[in-house]
Amino acid sequence: RKEVEQDPGPFNVPEGATVAFNCTYSNSASQSFFWYRQDCRKEPKLLMSVYSSGNEDGRFTAQLNRASQYISLLIRDSKLSDSATYLCVVTGGGNKLTFGTGTQLKVEL
Amino acid sequence: SQTIHQWPATLVQPVGSPLSLECTVEGTSNPNLYWYRQAAGRGLQLLFYSVGIGQISSEVPQNLSASRPQDRQFILSSKKLLLSDSGFYLCAWSVWDLNQPQHFGDGTRLSIL
Chain A
1 RKEVEQDPGP FNVPEGATVA FNCTYSNSAS QSFFWYRQDC RKEPKLLMSV YSSGNEDGRF
61 TAQLNRASQY ISLLIRDSKL SDSATYLCVV TGGGNKLTFG TGTQLKVEL
Chain B
110 SQTIHQWPAT LVQPVGSPLS LECTVEGTSN PNLYWYRQAA GRGLQLLFYS VGIGQISSEV
170 PQNLSASRPQ DRQFILSSKK LLLSDSGFYL CAWSVWDLNQ PQHFGDGTRL SIL
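Chains A and B supply the protein sequences, listed in that same order.
Going by our numbering, the first sequence opens with residue 1, and the numbers climb by one from there.
Going by our numbering, the second sequence opens with residue 110, and the numbers climb by one from there.
Simulated from the structure, these hints should not be mistaken for laboratory data.
The structure displayed is predicted, hence computed values, not measured ones.
Certain hints may be false.
Going by beta-carbon spacing under 8 Å, a handful of chain A positions derived as facing chain B [said to hold, decoys possible]:
id: 1; residue: P44
id: 2; residue: L46
id: 3; residue: S83
Covered stretches of chain B, going by a simulated chain A footprint (3 or more residues, C-beta under 8 Å) [claimed, not checked]:
id: 4; region: 175-186
id: 5; region: 209-218
Label pairs and their in silico Cβ distance ranges [claimed, not checked]:
id: 6; chain 1: A; residue 1: G9; chain 2: B; residue 2: L192; range: 22 to 32 Å
id: 7; chain 1: B; residue 1: S174; chain 2: A; residue 2: A17; range: 43 to 53 Å
id: 8; chain 1: A; residue 1: G58; chain 2: B; residue 2: V204; range: 17 to 27 Å
id: 9; chain 1: B; residue 1: Q164; chain 2: A; residue 2: S81; range: 33 to 43 Å
id: 10; chain 1: B; residue 1: I162; chain 2: A; residue 2: L74; range: 41 to 51 Å
id: 11; chain 1: A; residue 1: R59; chain 2: B; residue 2: V204; range: 20 to 30 Å
id: 12; chain 1: A; residue 1: R41; chain 2: B; residue 2: L222; range: 17 to 27 Å
id: 13; chain 1: B; residue 1: Q154; chain 2: A; residue 2: S49; range: 15 to 25 Å
id: 14; chain 1: A; residue 1: N12; chain 2: B; residue 2: W205; range: 37 to 47 Å
id: 15; chain 1: B; residue 1: Q154; chain 2: A; residue 2: G9; range: 18 to 28 Å
id: 16; chain 1: B; residue 1: L222; chain 2: A; residue 2: S53; range: 43 to 53 Å
id: 17; chain 1: B; residue 1: P178; chain 2: A; residue 2: N55; range: 33 to 43 Å
id: 18; chain 1: A; residue 1: N65; chain 2: B; residue 2: S174; range: 38 to 48 Å
All C-beta atoms, glycine included, are put in the ideal place defined by N, C-alpha and C.
Build out the structure end to end from the sequences listed, making use of the hints.
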């Protein structure tokens, strides 16, 4: 089983739609969780951290389910500019983060 | 605020040539530093990380090496590049706390001919 698994997509959604991504992780000892956004041919950028209580940042909501070992990202009122690959990131052993391979989102007119 | 600089942005090298990519961080002390590679359409592969000057941990066997000659400087090198070394190389830093996120440089797109 991969340490971090994501549906690669692509998720094609119309502008204004709500879309959700899930990510599962295998290390039950993981303590920290993040969502990054990566535009084509660019570096990953931190989108938000994921807290146990869930957190919201504008149109973006992140949730953590420790019992089932998954995290989710919900995007409301999708914009064209939200088109990107969304990377799920989990702390692993040592001083390392484990990155998922990403879920591609395409928001269309 | 902290910034990370990585250069060059793009590089085209012949097979068998040497490589040196440099990364520097400003605005923080004693950061953890990381080198990743991302092949086209693939995920991020951790190559090396460092928790301090002269301390390098290698994640995958390969013909690359890393060095940290100064606190905020991280260098990725190779004596002889292979075709399979092509990819997008990313440097990242984080504070020493494992539970904090990493922040990436702009990356170097390396093409081997």
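- Message: Of all the hints numbered above, which does this structure not satisfy? Sort the numbers upward.
- Response: 3 and 4
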